[in-house]
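Note that the protein sequences, when read in sequence, are chains A and B.
Here our numbering runs 92 ahead of the position in the first sequence, where the first position is 1.
Here our numbering runs 92 ahead of the position in the second sequence, where the first position is 1.
What you were told as hints is all true, and nothing was included just to trick you.
35 Å max Cα-Cα, derived DSBU-like pairs, lysine-lysine: (1) A:K234 / A:K221; (2) B:K209 / A:K410; (3) B:K209 / A:K391; (4) B:K209 / A:K209; (5) B:K391 / A:K221; (6) A:K234 / A:K350.
Chain B regions said to be covered by chain A (calculated; three or more residues, Cβ under 8 Å): (7) 127–134; (8) 144–154; (9) 414–424.
If you anchor each label on the Cβ, the simulated ranges turn out as follows: (10) A:S325 / B:A408: 46 to 54 Å; (11) A:T243 / B:A120: 53 to 61 Å; (12) B:T432 / A:A132: 27 to 35 Å; (13) B:S136 / A:D273: 38 to 46 Å.
Hints were generated in silico from the structure; no laboratory data involved.
For every residue, glycine included, the Cβ atom is placed at its ideal position computed from N, Cα and C.
There are 2 protein chains.
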Amino acid sequence: MSTAPSFESATYRPPNWDAICEAHARIAPRIHRTPILTSASLDSLAGARLFFKCENLQKTGSFKIRGASNAIFSLSNEQAARGIVTQSSGNHGAAVACAAAWRGVPAYIVMPKNAPKVKIQAIEAYGGKITFCEPKVSSRNKTCDRVQAETGAHLVHPYDDDCIIAGQATAAKELLEDMSDLDAVFAPVSGGGLLSGTCLGAKGIRAAIRIFGCEPSRADDAYRSLTTGTLQSLESSDTIADGLRASLAPRTFAILRKHVERILLVSEEEIISTARLVWERMKIIIEPSSAVALAPLLKHGVVQSLNLPPRSDGAAPKLGVIFSGGNVDLTSLPWPVRTT
Amino acid sequence: MSTAPSFESATYRPPNWDAICEAHARIAPRIHRTPILTSASLDSLAGARLFFKCENLQKTGSFKIRGASNAIFSLSNEQAARGIVTQSSGNHGAAVACAAAWRGVPAYIVMPKNAPKVKIQAIEAYGGKITFCEPKVSSRNKTCDRVQAETGAHLVHPYDDDCIIAGQATAAKELLEDMSDLDAVFAPVSGGGLLSGTCLGAKGIRAAIRIFGCEPSRADDAYRSLTTGTLQSLESSDTIADGLRASLAPRTFAILRKHVERILLVSEEEIISTARLVWERMKIIIEPSSAVALAPLLKHGVVQSLNLPPRSDGAAPKLGVIFSGGNVDLTSLPWPVRTT
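Same shape as in the complex, but just chain A (with noise of 0.2 Å):
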């Protein structure tokens, strides 16, 4: 699956400010303005103050529209009319065949032969034509390629790309702009495209503002990245987080290595635990992935070994939490289920 134009990591230039809020001008009429929520429970068990920017309550039920709607309709009418060609484990497939009906254009999704039946369900429902990989980067890539070279369709890839980037960056926007003192705010990784969008979102704001990476221990290739200081490949992986087994690209490493202060690994336990908690505590359903982003705040002394500056108010860190998405298989639960 290749990127155009080709890419310069030495003299790469994220999106900038500007082309956050035309994104965000392009997209805001078609998609929801995600609530804040709050809640005391949470508060008390991580020891700060979060704030939760349910991107789980989005249009298809991910953050992923907006960098999609964004992407697409930033194209030409001749781009655009052969149709829209990605791949994606589901959430990123199911924002372009939404944003592409929306377009009216054809969409053509290369999704992992593993991926969740509802987001297969989901793409289906939004009249996108899918085509079935193996779960592996690689075999995601040749497909995409072929795909793309038989239709004629134009590329949009899930998150190698400045269009999303600057999409994505939209949901930390409206969490600045709604709640302008946060001290840090937690993403999930994956890609990397929702985690660089929340680096430039959000610093475009408070420059001075922490951003954390959060990534399963079992897809832990941003870490290795980031430790590293060499893009790492992530081949496979078998995490519950369905929406977090892609590998960085170069475009989303260079703004992660430039903005993430450090990457915040979780075990599967953890994710199940975490989610079940939001389930029980905040009625709302969030995927494995969104779980991800609060893990590690939940783990006992990880708030106070973030380093963070005291605030002025002396009182406990405010922190944000994406929750990226909420797209989960109500017939099949982490956890023991009896039906009534």
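Go by the hints and put chain B onto chain A.
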């Protein structure tokens, strides 16, 4: 379970607008201003524009904290000193336990022994002291009288109480403040506190608005009471909507007779399928009682049959729906679930 002062239906004057505004000012600093969410796919199914007031995202997981905190913070120190007693199938009990804890006084909760475990645990988590009774209205009242006599606690009735009704009215007040041109509002009805408050809170802002109550066919006392013009009882009920197993009281019956257009009935199957649809499409957890308020609108032809006046903008009607709560046991769901 007696209420004071003694009730005279003919001369009863419900809480006026000032009382509702005072209640709102009293409780607003303690509770969430819950979001109003929308869903394009549910709009399409209903043939209307739906605006969901999400009291499932309220503190304690239901609207009940509005009335309970208004009632408990309206008491003098002397009245509150020996604690609060009430009877509840769950949500009102949790709300009383929470508001009593905020006030620093004990809460004595009488609840039916078949109440959902998750609601029992919530009351215990807020420090409430539970006494179980048989799941019949007569047993509830008798047990409540006994606990009140033993403790000297102040009775806060779950709905036959003006402070409770004024508190519950603040949900519809907020809904209409945010969406002033709604054509109608739909709320579930059990004892009638929420529906009474919905009438007063909505009509206080928009006098011409139509109010509909929604009720399980298996607990249809409000339907029968409004149809016959005589307060009907409901000695027991086995609906899955565990928050809707109480029957109207003199105050709420008087308000509903005056203000409610009609009561819409739904089956158990409709309640379950609607709840699941909301979980899937909106990514929020609602309890079956909440689904009761939406279920009628998803039935073919029902919205058209409401005889709402045509809108000046010629578009589909704008309907408010109050999701009353989100307290469900996540290990016990009314559809088949396998564990991953």
